[in-house]
Amino acid sequence: MHLKYESTLREPLVDGVKDYHQVTEDIISPIEGKPGTLWYVGFFISLALLGFGAFSVFWQIYFGVGVWNLNKTIGWGWDITNFVWWVGIGHAGTLISAILLLFRQGWRTGVNRAAEAMTIFAVMCAGQFPIIHMGRVWMAFFILPYPNTRGPVWVNFNSPLLWDVFAISTYFTVSLLFWYSGLLPDFASVRDRAKTKLRKLLYGIAAFGWTGSTKHWQRHEALSLVLAGLATPLVLSVHTIVSFDFATSVIPGWHTTIFPPYFVAGAIFSGFAMVQTLLIITRKILKLEEYITLGHMEAMNKVIVLTGSVVGCAYLTELFMAWYGANPYEFATFFKYRAAGPLGWSYWIMMTCNVITPQVFWFRKMRRSVAVTFVMSIIVNIGMWFERFVIICTSLYRDYLPSSWSYYRPSWPEVGFYMGTFGLFFTCYFLFAKYFPVIALAEIKSILKTSGENFKEKMVVYEEESAEKFAHDVAHAH
Amino acid sequence: MAVKKFVVGLFDDEAVLFPAVKKVRTAGYKLHDVYTPFPVHGLDHAMGLRETSLHTAGFIYGITGTTTALSFMSWVFNVDWPLNIGGKPHFPLPAFIPITFELTVLFAAVGMVYTFCYLCQLMPFVKKHIFHPRQTDDKFVMVIEVTEKTNAEEVKSFLAAAGAQDINEQKAEAGWWFGRWDKDDEPYLRKIQTTNA
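First to last, the sequence lines map onto chains A and B. Per my numbering, residue 1 is the first one in the first sequence, and the count goes up by one each step. Per my numbering, residue 479 is the first one in the second sequence, and the count goes up by one each step.
Take these hints with a grain of salt, some might be off.
Stated by the list, open to error - Within a straight-line C-alpha distance of at most 20 Å, the following computed DMTMM-like cross-link-like pairs (lysine to aspartate or glutamate) qualify:
1. K197(A) / D660(B)
2. K197(A) / D644(B)
3. K483(B) / D644(B)
4. K605(B) / D644(B)
5. K200(A) / D644(B)
What the hints contain is simulated information worked out from the structure, not anything from laboratory work.
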């Protein structure tokens, strides 16, 4: 029997032979140079979309919520669909940075910064939909429990819509704090090598006077760990509470206990897909292929196929329960008006995009293909958008009273609003990619010695020797 | 704070830094700080720093959030305006859980970040002396304070023997001050300028 020592390290997380300074150069030099033509093109397209979105929102606020195609039967349409979709996308960032930190997954260091930024921008987009949906947005502060002159009549703490207010605002705040506390040391790196006065001034302000003192690092580590511990249940709670918006109602198709895990899995599914879309472009444009490697993409694709299958199981469970539960309304919703009926096409788009196509990721070759991953990431997000659309609209458009049955298609301000949030999201992301360190510098440096390609090369010697010799050397190490 | 004299040594590799820290401590020099570009695990123990109590602070903030949420919602529903909402109980504990949980997390996170910034003196426009511009890039910078009992030359040769490079002596403000990072304005430099004028 000939055993061999296998390095616990499977694949380097950072390709290329690099020292610490090279890492700093690779990640900070794009901030110091001028952005390329592609950046300007993308940025101005995003700004144009944002402008159109702002106009659509202005139109809706000026003329009232009636400019949307919502009606008495379908009270939630594209707005809440988009809200849930964006919140779902916002889940991957915290999952990568918090849950994978607790699980000690080294690969998170290459992608966590961009994913957290994406989370924050996605939640910013999401939050606008319920607020604009209120109609009289200037009254939006009524959702906060503040002492008022109406009694005071307080908000209803039993209402899942109010839980949402707390969940989304807490999630945004905590994600922002987590992201920014990680950014402090990296801003300091940019500041200390800045050549121009303006850059020194601005990054000096942004870095809060970080010096890299050992005591500060010790506290920083403690802070990251506890924030990760807090963010882990938080990220699960947020989409759970979003699902309560539906699950606590008595509408067929919404009133199920399966919703919280099903929504959380869906959120992670779509969030990882969006991370893939963004990172494939980012690594190409900023030339970060050595930091965001095929290994990173493969790891995320594994998460996608797992969560996609969880979501698929949930769809089948719903169908099964609609039949097995013997509730005629539940049965009608699923089998007559969801999988069939005037909006049935949306159900089958959802099924195809979310359950069938992601199965290609069972093959290693597909998981490691940039082109397949990119196309799949977009398909998954289309599918997840349709999932929310299906849940919301197909339960509403055929309600208990046949005389109020209706059909729904969005009006231009609804579409414009959605496009506007894309504008906001990508405007923020373009600014982030240009002016922020897209990869967590300090974290990459801390894993470089154990997971870099140089280290892997050193391990070859050990891998080739016999297990007996290795065990002997370890036992007699001096 | 005060202006002090320091001997500064640069290290390239954390493998050289660790034994050097140990030697400095046994030799009895006053180790001001070690600045590193990333968290070096175990360096805090090597330097003899005590564990941080930030976790405990976080726990206390979290508990504060829990009690705030629970007591506020119960007060609103039972004392201030006991409204009958569909005949539901006035103390619906399960319905209070989501908000209670969110506020626990919110208080703990916000409180901890503020405490962290307070303890480390982190704030926009806060300035501190940077001993070497590459301490946030790739160098590990060891700073030893020169007290009246220390012989600076001896420390320098000691650091050189421990593997440090680019050893120099610096006079600097040990604390923090408010200022702009594009201006060279250490408080003691300002003082010298005003006395000269």
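Hint by hint, here is what the structure shows:
At roughly 5 Å between alpha-carbon atoms, K197(A) and D660(B) fall within 20 Å of each other, so this suggested pair holds. Note on K197(A) and D644(B): the hinted pairing is violated, with a Cα-Cα distance of about 26 Å set against a maximum of 20 Å. Pair hint K483(B) plus D644(B) holds up; C-alpha atoms about 17 Å apart against a cutoff of 20 Å. With a C-alpha separation of about 24 Å, the suggested pair K605(B) and D644(B) falls outside the 20 Å cut-off, and the hint is violated.
Using a Cα cut-off of 20 Å, the hinted pair K200(A) and D644(B) is violated, with the two alpha carbons roughly 24 Å apart.
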